[in-house]
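Chemist: Sequence:
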Amino acid sequence: MRSVPVKKGQGGRARKPVKRAQSAGGVVFRRDGGAPRILLLKHSSGKWMLPKGTIEEGETPEAVALREVREETGISNVRVVADLGEERYYFFWRSEDTYYDKTVRYFLLEFLGGEEARPQAEEGFVTCEWVPLDDAIERIKYKETREVVRRAKERLVQPDLAASS
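Counting from 1, one number per residue, gives the positions in the sequence shown under UniProt numbering.
Quick caveat, the hints were computed from the structure, so don't treat them as lab data. Heads up, some of the hints might be wrong.
[Claimed, not checked] The list that follows gives simulated cross-link-like pairs (lysine to any residue, SDA-like), each with its CA atoms no further than 20 Å apart:
#1 Lys-47 to Tyr-90
#2 Lys-153 to Gly-33
#3 Lys-102 to Glu-116
#4 Lys-153 to Tyr-142
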């Protein structure tokens, strides 16, 4: 575990721990009349986000992405289309008095139909919605996650991917 300097009282310096966190998630898409839409979750905090969760020991990022999509949206009828790479960000968790260095690996997942998306209330999600790509980029608060959706958009407009999905 790393530490970062944090100001303390009268100009002294203390060090707060930095924990590494590894997660994985999915950018789930479907086509409505040819135009791709992605599935976003709205949290009770008002933030729109992609499904994601912590990688547990022995799990692969791809397996975690599929599990988290299933748990957080109720959707399991998907296929992995592409690895969209990672986003990395830092945050402070007040209740633990700890800084986190978090990496999230995202996968582009095609929804194959036959299921209704439903938000996981236990995780604080209040709704989920199929959103046009550009609208999704506007709704998502965090720039790192918006960049992941931009990468998904680039993949979804490629002729070879469009023909296969």
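Chemist: Each hint: holds or not?
Modeler: Verification of the supplied hints:
Only pairs whose Cα atoms come within 20 Å are accepted, and Lys-47 paired with Tyr-90 is accepted, the gap being roughly 17 Å. Pair hint Lys-153 plus Gly-33 holds up; C-alpha atoms about 16 Å apart against a cutoff of 20 Å. Between Lys-102 and Glu-116 the alpha-carbon distance is near 31 Å, which puts this suggested pair outside the 20 Å criterion. For the suggested pair Lys-153 and Tyr-142, the alpha carbons sit about 17 Å apart, so the restraint of at most 20 Å is met.
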